[in-house]
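Engineer: Here is what each chain is made of, one letter per residue.
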Amino acid sequence: MGDELRLPIAADVDVVEARQQGRALAAVAGFSSGEQTVIAAAISEIARNILMYAKKGEIILSLVQNGDRQGVSVVAIDQGPGITDIERAMQYGYSTSHGVGAGLPGAKRLMDDFDLQSTPGQGTTVTMTKWRRAI
Amino acid sequence: MEVPILRQGQYLIASIQSALTDADLSHLREALIAQVGRSRCRGVIVDVTALDVMDSFAVRTLRDIAHMARLRGAETVIVGIQPDVAFAMVQLGLTLKGVATVLDLEEGLAFLNRRTEERTFETKPKKPSGRG
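Sequences listed follow chains A and B, in order. Letter 85 of the first sequence, counting from 1, is numbered 84 in numbering that gives the first Met the number 0, and no numbers are missing. Letter 62 of the second sequence, counting from 1, is numbered 61 in numbering that gives the first Met the number 0, and no numbers are missing.
Just chain A, with the same shape it has in the complex (with noise of 0.2 Å):
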């Protein structure tokens, strides 16, 4: 526990390798296949978005407790141009990018907790966590 694996993500293999120790993390947590894959592809989205728009950043993986209740947390970080219009790149099929548009809101859609701190020309964080259901 407290233990975080930091991937940096540079270059499309990296999105592979963090969507890959997402899924392995989850398996450790005790997460069903589905869920694992739940969460390796929200991972895949927001690691995607980092190299989009950002060319590079970092990905942090790590293992969570609330109460009796484990979870996934990811942390994606860029120190890219940030998002001016959070409220439209949270909307499902909006893109700046020729892209699907599932980016934000698909790993919304996948994750339990999703928070996105963003300032323009800064850089973009966003954190989001998945909780195992209770058994």
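For the record, the hints were derived by calculation from the structure and aren't laboratory data. All of these numbers come straight from a predicted model, not from anything done at the bench. Worth double-checking, as some hints may not be accurate.
Claimed, not checked - Pairwise CB distance ranges, derived in the manner of DEER restraints:
no.: 1; chain 1: A; residue 1: Ala-9; chain 2: B; residue 2: Ala-49; range: 34 to 40 Å
no.: 2; chain 1: A; residue 1: Gln-90; chain 2: B; residue 2: Gly-97; range: 22 to 28 Å
no.: 3; chain 1: A; residue 1: Gln-90; chain 2: B; residue 2: Gly-36; range: 36 to 42 Å
no.: 4; chain 1: B; residue 1: Thr-48; chain 2: A; residue 2: Ala-9; range: 40 to 46 Å
Glycine residues also receive a C-beta, built at the ideal position from the N, C-alpha and C atoms.
Use these hints to put chain B onto chain A, whose structure you have.
Structural biologist: Then chain B, alone, in the frame of chain A:
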């Protein structure tokens, strides 16, 4: 990781073997569309059984492959989407609208056999010709 593309009769079969980067997926799209023309094939099967995640980029690329192949005269069918992958896709709001998907390779071949027969029919003139 390059995806091997096999030719079987009138069809091309691309079997994804491992996780793919965005560049790998784009390369697969280019390679398949080029080969559809070169080999004059009528159908394309993309086997995604080995994919453990399909995110928005993967889904868009598969949809592009299917639409581009159709413009080049070939039908595409995606086979082998795993249950967990389907679950995450639905949660993400991703669909493969307009793209045929079936359970496995065997069903994929059967689907293409049916589709290519229908297409041959469609291109025949509506009025009965002298040849009957």
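Engineer: For every hint, state whether the structure bears it out.
Structural biologist: These are the hints, each one checked on the structure:
The beta-carbon spacing between A:Ala-9 and B:Ala-49, approximately 26 Å, falls outside the hinted interval of 34 to 40 Å. Separated by about 23 Å at the C-beta atoms, A:Gln-90 and B:Gly-97 satisfy the suggested range of 22 to 28 Å. Hint check: A:Gln-90 to B:Gly-36, Cβ distance near 38 Å, so the stated range 36 to 42 Å holds. Here the CB-CB span from B:Thr-48 to A:Ala-9 is close to 30 Å, at odds with the stated 40 to 46 Å.
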